[in-house]
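Enquirer: Sequence:
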Amino acid sequence: CMGRPGEAVVDPECRVYGFEGLRVIDASIMPLDCQANTNLTSIMIGEKMADNLRRSI
Numbered sequence: 021c022m023g024r025p026g027e028a029v030v031d032p033e034c035r036v037y038g039f040e041g042l043r044v045i046d047a048s049i050m051p052l053d054c055q056a057n058t059n060l061t062s063i064m065i066g067e068k069m070a071d072n073l074r075r076s077i
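Per our numbering, residue 21 is the first one in the sequence shown, and the count goes up by one each step.
Hints may contain errors.
Computed beta-carbon distance windows for the label pairs [to be verified]:
{"id": "1", "residue 1": "N72", "residue 2": "P51", "range": "16 to 22 Å"}
{"id": "2", "residue 1": "S76", "residue 2": "A28", "range": "16 to 22 Å"}
{"id": "3", "residue 1": "L52", "residue 2": "P25", "range": "27 to 33 Å"}
{"id": "4", "residue 1": "V36", "residue 2": "T61", "range": "17 to 23 Å"}
{"id": "5", "residue 1": "I77", "residue 2": "D53", "range": "32 to 38 Å"}
{"id": "6", "residue 1": "E33", "residue 2": "C54", "range": "15 to 21 Å"}
{"id": "7", "residue 1": "L42", "residue 2": "R74", "range": "14 to 20 Å"}
{"id": "8", "residue 1": "N59", "residue 2": "C21", "range": "16 to 22 Å"}
{"id": "9", "residue 1": "R24", "residue 2": "N72", "range": "14 to 20 Å"}
In short, the hints are calculated from the structure, not lab data.
The beta-carbon is built from N, C-alpha and C at its ideal position, and this holds for glycine as well.
Please take these sequences and the hints and turn them into a complete structure.
Expert: Encoded structure:
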């Protein structure tokens with residue numbers, strides 16, 4: 021899930037701690053159970069991270 025080093029697998033930019041160039045962008049990074057449809061939430065995560073990646077290139 022997403023959070024601080026030692027407590028999570030990925031940072032807020034979905035980068036996996038300890039692995040350069042590896043990101044996880046799916047429902048598995050959500051720190052809490054989602055009360056909404058997880059499909060829609062996963063799409064939102066993907067769209068947000070795609071925007072962030074485009075800006076960083």
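Enquirer: Okay, R24 versus N72 on CB: inside 14 to 20 Å?
Expert: Since the Cβ atoms of R24 and N72 sit about 19 Å apart, the hinted range of 14 to 20 Å holds.
Enquirer: Confirm or reject the claim that N59 and C21 have a C-beta distance inside 16 to 22 Å.
Expert: holds, 18 Å
Enquirer: Given the hint of 16 to 22 Å, is the C-beta distance from S76 to A28 inside that range or not?
Expert: holds, 21 Å
Enquirer: Holds or violated: the 17 to 23 Å window for the beta-carbon distance between V36 and T61?
Expert: Check passed, 20 Å falls within 17 to 23 Å.
Enquirer: Determine whether the Cβ-Cβ distance between L42 and R74 falls within the hinted range of 14 to 20 Å.
Expert: Distance hint for L42, R74 holds at roughly 18 Å.
Enquirer: May I ask you to test the hint 16 to 22 Å on the CB atoms belonging to N72 and P51?
Expert: holds, 18 Å
Enquirer: Hint says 27 to 33 Å; check whether the CB-CB distance for L52 and P25 agrees.
Expert: violated, 19 Å
Enquirer: Does the hinted range 32 to 38 Å hold for I77 and D53 at CB?
Expert: holds, 33 Å
Enquirer: Between E33 and C54, is the Cβ distance one that fits in 15 to 21 Å?
Expert: Once the Cβ atoms are compared, 20 Å apart, the range 15 to 21 Å for C54 and E33 holds.
In the structure shown, a violation is registered for the earlier hint numbered 3 alone.
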